[in-house]
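Asks: Respectively, the protein sequence lines represent chains A and B.
Reading the first sequence from the start, the letters are residues 1 to 215 in the numbering used here.
Reading the second sequence from the start, the letters are residues 1 to 349 in the numbering used here.
If you are wondering where the hints come from, they were derived from the structure by calculation, not from laboratory data.
Beta carbons: idealized from backbone N, C-alpha and C, even for Gly.
It is possible that some hints are incorrect.
Not the full set, but computed from the structure, chain B residues with beta-carbon under 7 Å of chain A [to be verified]:
| id | residue |
| --- | --- |
| 1 | Leu59 |
| 2 | Phe93 |
| 3 | Ile114 |
Here are some chain B residues pointing at chain A (derived, C-beta under 8 Å) [what the hints assert, rightly or not]:
| id | residue |
| --- | --- |
| 4 | Asn57 |
| 5 | Arg86 |
| 6 | His87 |
| 7 | Met91 |
| 8 | Gln95 |
| 9 | Leu99 |
| 10 | Ser100 |
| 11 | Thr101 |
| 12 | Lys102 |
| 13 | Leu110 |
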Amino acid sequence: MSPELWFALGISILQTIEMIIFSTFFAFIIGLPMGIGLFLCRPGSLSHCPWLYRLLAFIVNIVRSIPFIILLVLLIPFTRLLIGTSIGTTAAIVPLSIGAAPFIARLVDNALQEIPFGLIEAGISMGMNRWQIVTRVLLPESYSGIVNGLTLTVVALIGYTAMAGAVGGGGLGDLAIQYGYNMFNTTLMLITVVVLIVMVQATQWIGELLAKRRV
Amino acid sequence: MTTQPIIEFKNLSKSYDSEQGRVDALLKIDLAIYPGEIMGVVGPSGAGKSSLLRCINLLEKPTAGHIFVNERDQLLLSAHELRIARHNIGMIFQQFNLLSTKTVWQNIALPLQIIQTPKTDIKARVNELLKLVGLSDRAQHYPSQLSGGQKQRVAVARALATRPQILLCDEATSALDPASTQSILELLREINQLFGITIVLITHEIEVVKNICHRVALIENGRILQIKRVTEFFAQQIDPLHPSHEAVVSYIGGHDWDERLLSICQHEQITGLLLRIRFHGASAAKPLIAHLVKDFGLDVNILQANLEFIGNELVGTMIVQVATHPHIDAALAFLRSKNVIVEELAHVP
Numbered sequence: 001m002s003p004e005l006w007f008a009l010g011i012s013i014l015q016t017i018e019m020i021i022f023s024t025f026f027a028f029i030i031g032l033p034m035g036i037g038l039f040l041c042r043p044g045s046l047s048h049c050p051w052l053y054r055l056l057a058f059i060v061n062i063v064r065s066i067p068f069i070i071l072l073v074l075l076i077p078f079t080r081l082l083i084g085t086s087i088g089t090t091a092a093i094v095p096l097s098i099g100a101a102p103f104i105a106r107l108v109d110n111a112l113q114e115i116p117f118g119l120i121e122a123g124i125s126m127g128m129n130r131w132q133i134v135t136r137v138l139l140p141e142s143y144s145g146i147v148n149g150l151t152l153t154v155v156a157l158i159g160y161t162a163m164a165g166a167v168g169g170g171g172l173g174d175l176a177i178q179y180g181y182n183m184f185n186t187t188l189m190l191i192t193v194v195v196l197i198v199m200v201q202a203t204q205w206i207g208e209l210l211a212k213r214r215v
Numbered sequence: 001m002t003t004q005p006i007i008e009f010k011n012l013s014k015s016y017d018s019e020q021g022r023v024d025a026l027l028k029i030d031l032a033i034y035p036g037e038i039m040g041v042v043g044p045s046g047a048g049k050s051s052l053l054r055c056i057n058l059l060e061k062p063t064a065g066h067i068f069v070n071e072r073d074q075l076l077l078s079a080h081e082l083r084i085a086r087h088n089i090g091m092i093f094q095q096f097n098l099l100s101t102k103t104v105w106q107n108i109a110l111p112l113q114i115i116q117t118p119k120t121d122i123k124a125r126v127n128e129l130l131k132l133v134g135l136s137d138r139a140q141h142y143p144s145q146l147s148g149g150q151k152q153r154v155a156v157a158r159a160l161a162t163r164p165q166i167l168l169c170d171e172a173t174s175a176l177d178p179a180s181t182q183s184i185l186e187l188l189r190e191i192n193q194l195f196g197i198t199i200v201l202i203t204h205e206i207e208v209v210k211n212i213c214h215r216v217a218l219i220e221n222g223r224i225l226q227i228k229r230v231t232e233f234f235a236q237q238i239d240p241l242h243p244s245h246e247a248v249v250s251y252i253g254g255h256d257w258d259e260r261l262l263s264i265c266q267h268e269q270i271t272g273l274l275l276r277i278r279f280h281g282a283s284a285a286k287p288l289i290a291h292l293v294k295d296f297g298l299d300v301n302i303l304q305a306n307l308e309f310i311g312n313e314l315v316g317t318m319i320v321q322v323a324t325h326p327h328i329d330a331a332l333a334f335l336r337s338k339n340v341i342v343e344e345l346a347h348v349p
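Throw the hints in and build the complete structure from the sequences for me.
Replies: Right under this line is the structure:
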């Protein structure tokens, strides 16, 4: 392991962390409203809007059924339109966010469905409007469910970032393939794996800690 | 009663489509509930009690007819007006429905927060309510740390936060043990007396009705079979030919009598009539049996007797055996004239 390689490893770790943080953030920003929308529009639920429900469910299912590596390639023109380039760590954040958002939408929807309907009834009987029911009943009551779902998403995203190398996104996966696999550097490959394990463990630990906290 | 009803159902129906076709959850309900009263709605499960209650604050929408609260047709309110109307109608539930992620204090403060009550007012009101329900020392606890009875007390406090005129109770004591049930009923009676709040409660526990209700509506298959003052409900003459008689009997009880009483009479070789006498109110306090003995010269043998307070009135049931006597018909007419319900159970030959 030469100093240059150690340096490259450090850079890759930072790139991976950058991709995870930003893509989780954007995926959450897109996925949370979608999940709430799925929950509210489901036939028989609070807003009862079957066509919107079907539309959302359709989008979610479409995106979730495309293998991430293919989504990555499919989204190249869109990424270029959005940020001007389709190569690099920043560019990789676009497909990562879009790939993870439907995942988060479903997780949020599932977490909301766990809430007993009686709590929603209590909210309505108090005279809450729909917004108040979402912000004062649904989100606080599903907090741990959503945090647990987010933990799952981040762990999955750590895996996805490894594929981001395919669009020159850099990160640990890229490093492991370029130097470890193509240049037969088993030590580097092992180190990357260890770093990824540590990242997943840390995510899980933080996630469980946050889920336990009362809000 | 000359006062205007606070809640009035007019020809209200609710039906929904199921796999078995159209189901009438409620059919042409007419019911007036007056300010300050405790109205009990009883009936078997699936009778429509829950729908009836939920039509008051429109948690369920009726399919026909009207529901008036304070003389305003709830169905004509805009979404915004309806939310304001709901601040005037508190509700408690069988499963308490407290927010698990909020403390007792925060749960009670919630209805006040959503109407933008100033913080200092919220603080004063929540502390006052905590005191009322006797949970001041539990303010910072979470619902999971409370017993069922305590959770329901928090729910009552939360329902009262916005000073509603009406409190709806959806099987509020059905998930509680007998002691907690008693304490919640005490609390409901107390707030009814203190604030004159109108309470509508649905229950399948007849003891709850006996305990606190002023009037009772019996409902079955979405129809109201009877609406009566509670003492009159429990002391009513049962007409075995009336179509609703089985439903009534299943709630007021005592229709079946132990036929072993008959064999006792036969064994003792006492002939005559086996009667059941029901009485309530003023007649309960009068020495009627003594009249039968002294004025009519009857031999009265009390086989079984039960006396209980329902509401604030005594309601009594007795099974007596009266020996054959020429004045027996006159005696029974006398009892009936005193508002006593007399049923002939059997003739002992």
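Asks: Each hint should be assessed against the structure and marked as holding or not.
Replies: Structure-based check of each hint:
1. Leu59: Result: holds, 6 Å to nearest chain A Cβ.
2. Phe93: holds (6 Å)
3. Ile114: It holds, given that the least Cβ distance between B:Ile114 and chain A is near 5 Å, below 7 Å.
4. Asn57: holds (5 Å)
5. Arg86: Holds. Min distance 4 Å.
6. His87: holds (5 Å)
7. Met91: Where the cut-off is 8 Å and the nearest Cβ of chain A is about 4 Å from B:Met91, the hint holds.
8. Gln95: holds (5 Å)
9. Leu99: holds (6 Å)
10. Ser100: holds (7 Å)
11. Thr101: Status holds, d = 5 Å.
12. Lys102: holds (7 Å)
13. Leu110: Holds: closest Cβ of chain A sits about 7 Å from B:Leu110, inside 8 Å.
In summary, the structure agrees with every hint in the numbered list given earlier.
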